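Novice: Model the placement of chain B on the given structure of chain A, informed by the hints.
2 protein chains.
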Amino acid sequence: MKLSRLLRLQAIFYDKYEKRLADSIKHMVGSKPFNLNLYKLSLKHASISEESINGLKISNERLEYLGDAILGSVVAEFLFLKFPFRDEGFLTETRSRMVNREALNQIAIKIGLSKVIEKEYKGKNLNAHKSIFGDTLEALVGAVYLDRGYAFCKKFILKRIIIHFDVDDIINTTANFKSKIIEWSQKENKEIDFKMVAVSGNQRFKEFLVELCVDGNPLSEGKGSTKKKAEQEAAKNACEKLNIAI
Amino acid sequence: MKLSRLLRLQAIFYDKYEKRLADSIKHMVGSKPFNLNLYKLSLKHASISEESINGLKISNERLEYLGDAILGSVVAEFLFLKFPFRDEGFLTETRSRMVNREALNQIAIKIGLSKVIEKEYKGKNLNAHKSIFGDTLEALVGAVYLDRGYAFCKKFILKRIIIHFDVDDIINTTANFKSKIIEWSQKENKEIDFKMVAVSGNQRFKEFLVELCVDGNPLSEGKGSTKKKAEQEAAKNACEKLNIAI
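Going down the list, the protein sequences come from chains A and B.
For what it's worth, our numbering labels the leading residue of the first sequence as 76, then goes sequentially.
For what it's worth, our numbering labels the leading residue of the second sequence as 76, then goes sequentially.
If we strip away everything but chain A, and leave its shape as in the complex, we get (with noise of 0.2 Å):
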């Protein structure tokens, strides 16, 4: 027996926030905490949370960059294996859309995150908090590691948050970039040109650098191995800059 399922003997003890909370956890989960502190920890968003220890602020924040770091490492993973004969290009991009923020808000709320939170901070406006739901997935997904290693906190990611993924819509809708910016540009009838900057390296590896004129001014720019690639990016870019919904 692993000596931190010892930790588990500490639910003889808990209060009655804490019983409902390691409840919780299962539902999401799949199995009950070992170290309650953690997922305790993960809920506190910092733009909401208030307490503090000797002035260092509680906050979830470095739980998140370390889930986000998981969960892109078993996306990555996910997709090479899904996609034997894609290239890295479409396999980048597609992880991208698949962590990006929104995406996540939407599981949070699937899973039953969302109002876990929202009992959390009874009474608080989370409306101003955007991205809370989305953050605190990533921290829950940093507590999961810790407190259970990498194997089950792999499986926790394809079976409860990948799962809830449409992969097939997210690749349709991938690499559009483009047709957004002209779409665009005839709504708001504006003029745009992608204009070929710069082509560096050798006859087998090239590197084209594209740039996005509006009315014949610079907006972005995009890098990539073919033109097309180096399209795609500067119109990402210009769509990033406009925030044209994607």
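Read the hints as simulated data drawn from the structure, not as lab findings.
Owing to the predicted nature of the structure, the values given are computational and were not obtained by experimental measurement.
Please note that the accuracy of each hint is not assured.
For identical chains, the list gives no copy identity; a pair is met inside one copy or between any two copies.
PhoX-like cross-link-like pairs, simulated, lysine-lysine; straight-line CA separation at most 25 Å [to be verified]:
#, residue 1, residue 2
1, Lys205, Lys281
2, Lys316, Lys302
3, Lys107, Lys234
4, Lys157, Lys132
5, Lys298, Lys316
6, Lys316, Lys303
7, Lys199, Lys262
8, Lys303, Lys205
9, Lys205, Lys132
10, Lys190, Lys94
11, Lys119, Lys304
12, Lys199, Lys132
13, Lys185, Lys119
14, Lys119, Lys107
15, Lys185, Lys234
16, Lys107, Lys185
Specialist: Positioned in the frame of chain A, the structure of chain B alone reads:
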């Protein structure tokens, strides 16, 4: 015994090249490979490799994508545990300095991977491919992960990659972008100015947006939860735009 271990029996049929490669892997990774083909693939850099199967180019780019993610999460945890009292901004910044291309190039040279690559591409000029060593190191991490699993790969990264980092040195140069850009402005006789553009959020959770102007013209922007962080971010982006070595 794990089934994948049976792959080691293939070693009986290794030719001279394969024997040498397996020895090199053992030297770098600390254990003979189970599935040598993964490691062979990890050496095929897209810019140099000429092989293809059914029109699909054989390259290590997919392994590099996977290795990058695994390396990122192991380094994230390493820093998380090493610095229990530092915030996530510091951890993120330090991590990105550890896994950047130049740092990985240096590590690849230190662990002898550069020699293996040079032997693999004997007679070819590798100088044109600046990042080949670092890219291949990431691909090697991907191969080790697929071949041996997370626990082994983590040990490999901690004992044979991270050990080569002078983390204190990295930290001392971290977050020094502002002084770099000021230094540059004095040398180039330019006037630089940090302008606060916007502050959003509520009383407890603010976000500052700072613009860095050179001779009155906006060059870069930075966001952060404090004015100082936003200025650092803006200075960092400016350093990148101006190609200032950090």
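Novice: Look at each hint and say if it fits the structure.
Specialist: Hints and how they fare:
1. Taking the closest pair of Cα atoms, Lys205 and Lys281 come within 25 Å of each other only across two copies (13 Å); inside a single copy the shortest separation is 40 Å, beyond that limit.
2. Within a single copy, Lys316 and Lys302 get their C-alpha atoms as close as 21 Å, and across copies as close as 22 Å, so both meet the 25 Å cut-off.
3. Taking identical chains as interchangeable, the C-alpha atoms of Lys107 and Lys234 lie at most 25 Å apart only when both belong to the same chain, with a minimum of 16 Å there against 33 Å between chains.
4. In this assembly of identical chains, Lys157 and Lys132 lie within 25 Å of each other by CA distance solely across copies; the values are 19 Å between and 41 Å within a copy.
5. Taking the shortest alpha-carbon separations for Lys298 and Lys316, both the intra-copy value of 17 Å and the inter-copy value of 14 Å come in at or below 25 Å.
6. In this homomeric assembly, Lys316 and Lys303 come within 25 Å of each other (Cα to Cα) both inside a single copy, at 20 Å, and across copies, at 23 Å.
7. For the homomeric pair Lys199 and Lys262, neither the shortest alpha-carbon distance inside one copy (39 Å) nor that between copies (52 Å) is at most 25 Å.
8. In this assembly of identical chains, Lys303 and Lys205 lie within 25 Å of each other by CA distance solely across copies; the values are 24 Å between and 34 Å within a copy.
9. Taking identical chains as interchangeable, the C-alpha atoms of Lys205 and Lys132 lie at most 25 Å apart only when both belong to the same chain, with a minimum of 21 Å there against 43 Å between chains.
10. Taking CA atoms no more than 25 Å apart as the test, Lys190 paired with Lys94 passes inside one copy only; the shortest distance there is 16 Å, against 58 Å between copies.
11. For the homomeric pair Lys119 and Lys304, the shortest alpha-carbon distance between copies (22 Å) is at most 25 Å, but the shortest distance inside one copy (40 Å) is not.
12. For a Cα distance limit of 25 Å, the shortest separation of Lys199 from Lys132 inside one copy, 19 Å, qualifies, whereas the shortest one across copies, 55 Å, does not.
13. In this assembly of identical chains, Lys185 and Lys119 lie within 25 Å of each other by CA distance solely inside one copy; the values are 20 Å within and 42 Å between copies.
14. In this assembly of identical chains, Lys119 and Lys107 lie within 25 Å of each other by CA distance solely inside one copy; the values are 20 Å within and 45 Å between copies.
15. In this assembly of identical chains, the alpha carbons of Lys185 and Lys234 lie at most 25 Å apart only when taken from the same copy (13 Å versus 40 Å across copies).
16. In the homo-oligomer, the alpha carbons of Lys107 and Lys185 lie at most 25 Å apart inside one protomer (20 Å), although the nearest pairing across protomers, at 44 Å, exceeds that limit.
In this structure, only the earlier hint numbered 7 is contradicted, and the remaining ones agree with it.
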